[in-house]
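Novice: Sequence:
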Amino acid sequence: MNTRTTDRHTDPHTQPHTEPHTDRRPAPYAPSSQLRAPYAEALLRHAGRDWLRLNVPGHAATSGSDLAGYFGQRVTSLDFPPLLDGIDLGRDGRDTPLDRALGLAAEAWGARRTWFLTNGASQGNQIASMVAPALGRTLVVQRSVHSSVIDGLVLSGMDAVFVQPSVDPEQGIAHGVTAADVAAALARTPDAAAVYIVSPSYFGAVADVRALADTAHAAGVPLIVDEAWGSHFGFHPGLPARALALGADLVTSSTHKLAGSLTQSAMLHLAEGPFADRLEPLVDRAFRLVQSTSASALLTASLDLARRRLATDADATGGCVEAAERVRGAVRALGRFTVVSDGFHAFPDIVGADPLRISIDTRAGGITGHEARLRLFRDHQVMVEVATGSAIVAVIGAGSVPDTDRFVEALHTLPSPTAAPAGAGHRGARTTTGADGLRLPDPGVTKLTAREAFLSPARVVAAEDAVGRISADTLAAYPPGIPNVLPGEVITAEAVRFLQRTAAAPNGHVRGALDRSVKRLRVVA
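Each position in the sequence shown, counted from 1, maps to that position plus 52 in the numbering used here.
Misleading hints may appear alongside valid ones.
What the hints assert, rightly or not - The following label-pair restraints were derived from C-beta to C-beta distances: (1) 431 / 395: 23 to 31 angstroms; (2) 530 / 453: 25 to 33 angstroms; (3) 340 / 568: 30 to 38 angstroms; (4) 346 / 508: 44 to 52 angstroms; (5) 118 / 426: 26 to 34 angstroms; (6) 509 / 561: 21 to 29 angstroms; (7) 397 / 567: 36 to 44 angstroms; (8) 561 / 266: 32 to 40 angstroms.
Because the hints were derived from the structure by calculation, they are not lab data. We put the CB at the ideal spot given by N, CA and C, even for glycine.
Could you build the full structure based on these sequences and the hints that come with them?
Specialist: Structure below.
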């Protein structure tokens with residue numbers, strides 16, 4: 053929300069309005085219209101007027117509020133409710149600034165239509181799952197989808213056929229699925245509605261979206277892609293192509309992750325493809341079901357600004373790509389740790405890597421990923437995105453280059469409290485033992501749909517007594533948030549051990565668990 057005003061304590065109500073800087077040059081492939089941020093600009097103009105606010109939000113942007121004192125007057129002055137004339141309500145049928153912002157986002161990502169989401173990419177995944185029943189009865193789903201996709205199955209009531217991803221036996225991390233595996237799943241699913249995959253993965257592995265789209269389309273169904281971690285794709289030659297450009301039909305984009313918008317803001321993109329006419333009205337209606345009627349103007353403006361930055365400042369994005377590569381080069385040169393993505397070529401489902409994801413195998417340096425993350429946070433004030441028993445993942449947002457030398461130095465001053473375990477097994481296995489010695493659990497047998505199990509009468513039992521019973525909840529180990537137990541699946545002893553050990557690890561968490569240590573589980577009565 054930068055303006056030419058330099059005093060951050062000045063009340064914007066008393067200052068003359070100034071337009072945001074627009075002196076950057078558009079990228080060679082971006083039209084000049086991308087230089088504007090119509091929603092953010094309209095919001096700034098609105099905040100610059102002398103309002104007496106007798107409406108919500110209750111802080112009324114008064115200078116003496118606790119919020120203004122804590123966050124700054126600029127934040128509260130821009131915090132308006134929706135349905136404001138001249139911002140998201142038009143006059144005489146004219147496009148509003150919100151309409152224009154949405155149109156520019158669709159243009160930038162190459163979409164037929166884009167929706168702004170203020171409840172994260174999880175909202176987009178729920179929307180996509182909710183509209184799929186109009187196309188068929190069963191969703192063909194990559195097993196390592198985000199838990200919000202499973203939440204969408206609960207909302208939709210659909211059946212699901214799961215396609216198992218490849219798993220790195222040395223790292224214990226899931227990657228993607230191949231077109232051949234998806235084709236086999238479609239062949240045994242005559243009532244398929246859509247194919248739902250993830251690309252890129254938490255560790256930056258990029259799937260062959262073109263082949264997966266061709267496979268889905270050959271079966272007469274759309275391809276839905278959770279591209280939460282790839283909202284920046286396609287905006288620089290050093291980045292992978294975005295899913296929409298490779299044939300995907302509906303794409304969830306977690307814009308706040310690496311594209312620079314505020315936390316909890318995201319986008320949903322619909323391609324101009326064979327399913328667009330059928331999907332567009334359904335997506336629009338589902339969007340209205342799950343979108344807040346009090347959508348945050350701050351989040352919406354941040355999406356507008358993030359789009360402008362990506363579309364017009366390719367040089368900044370290129371600087372981030374170069375910075376990430378310098379970190380990987382330094383790690384390789386120093387020799388203590390190894391780079392996880394250097395082994396991606398061994399997996400048939402991976403066709404590329406996100407260069408802004410820096411995944412480092414810490415075991416070679418004699419320290420677990422969990423311990424490395426904890427010590428970086430506590431001793432060096434360095435925050436990384438994900439840690440597992442064997443690795444950490446650092447990310448660099450497009451357009452914002454942090455002090456990477458500080459990260460490299462902190463990483464290499466970590467102690468070696470444990471001996472580095474020897475890698476075991478061969479790459480590309482379907483199920484395996486993770487780097488911390490714990491087998492990734494195979495899914496239990498499916499007895500009910502996710503919706504049936506979620507809505508069934510349930511009871512809470514001790515975890516050991518839940519083995520062999522049907523789960524009523526989704527249980528997902530964080531990081532990285534991939535579901536390990538689904539509603540309707542039989543709970544296995546292996547899954548219980550995995551979840552309890554995850555919960556006991558530093559920074560470990562199990563989403564959906566009734567208690568921190570996963571001592572009790574909810575099962576279908």
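Novice: Please write out, lowest number first, the hints stated earlier that are contradicted by the structure.
Specialist: Hint 4 is the one this structure does not satisfy, whereas the remaining hints hold.
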